[in-house]
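> The chain contents come next:
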Amino acid sequence: MPPKPAASEPTSAVHTLWKAYNENTSDRLKFIDAFLVFLMLSGIVQFAYCVLVTTFPYNAFLSGFASTVGQFVLTASLRSQVNPDNKNEFKDVSPERAFADFAVGSIVLHFFVFNWLG
Amino acid sequence: MLSRPLALLLLVAAAQASLLTLHAPRVTTYDSTGNGIRTEILKLTQKPAIPMAVGPTDSLKLTFQIIEEGDDSGKGVQPLQTFLRFYDPHTGEEGIQPLRVTAAGKAKFDLNMAKPPLSIPPTSKAPLEVTLILGSPKHSPVKLALFDIQLPESQPAPQHPDEPSFHLLPTIEHTFRPTQKVPARAISALFTLFALAPWGVLLVLWSQVFPGAPRLFSPSILPFTASLGAFELLLFWYWVDLKLGQVLLYGGVLGVVTIFTGKTALASIGARRIARK
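These protein sequence lines map, in sequence, to chains D and E. Heads up, the first sequence is in my numbering, so the first residue is 455 and it goes up one at a time. Heads up, the second sequence is in my numbering, so the first residue is 4 and it goes up one at a time.
Hints listed in this document are in silico derivations from the structure and should not be mistaken for laboratory results. Please note that a few of the clues may not be correct.
Here's a subset of chain D near chain E, in silico, CB distances under 7 Å, partners left out [what the hints assert, rightly or not]:
1) 499
2) 508
3) 513
4) 515
5) 554
6) 556
7) 561
8) 565
Yeah, the Cβ is synthetic: ideal placement off N, Cα and C, and Gly gets one too.
Between the sequences and the hints, there should be enough to build the whole structure, so can you do that?
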């Protein structure tokens, strides 16, 4: 773990992290990361609405929130499986196989979400 | 074939033609020594105004002969069923006493209050109505109101333990959950915008980091993406209209198609990736 920077330069660590991320991550992974950010924001907005305004209709909130969470899990696992740096961890799983798993999982998730959307 | 309903029609007509009536119906009450207290010749069109009173030690005798109406030859009719019905109009209790009728149509009924028959229903202060019911296959059924009888008061009919449960129960008042409060339109609209905002963020981010899809519309890849899109459309259609059985059936068919298109697409991508290495 790199040593923490001095408190007077807190932006430096974030800046360094951001720079490293930008330079070292391929466009494909950034594409997936953008989707993950979108899912996170979507889930946060739905949860905030539920907390601030109303839980009605509850089933719609649950299915919408579960869809963001579930899709996030599936996409995160896809990202880790297609990342070339993780090739040693997933010797038996080709990126194509990972995508196929992602597609099947997403369809099943969407089916359950639509069932509950009401 | 045609003769059967015709025969029935004739039988009905014949039966309608013959009505039964009583000849010399007479009721008498006696006291415990056998002396007559009261005698009534029954007019079948009108009951005696005063009920026949029978005390605890008295007895009653009813005699009559059943004949066909309009037949003055004295030939009696022995019907299949002859019942005497005792009915209390206030409590609704009734008792049926079958009577034996001779071949000549003569019948008599003895009621001894020292040994009352089982067919007498529980009595109250009100008199019982006595009617005669005659049933014969060759005649129309007859119900004749004979007289009213005042018997000593008996024990009331035993109440069934479940009887109170048949009384009118209090009306059920349902309490429903109050209808859900829907938030104000402005707040709904505002949060709708918030909910759709992440899509804008996504599009902005994707426009900046699009990795390129050069072979998206090639014949090996396009069917696969089209199948995936078709799945999403199928689910939307299910949300709007379809039933579960239908979506599962269509999904199964589409799944088989997707397996084949997917194999082709991903195999070609994989081959390219390996060739590139």
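> Checking each numbered hint in turn, tell me which of them this model violates, lowest number first.
3, 4 and 6
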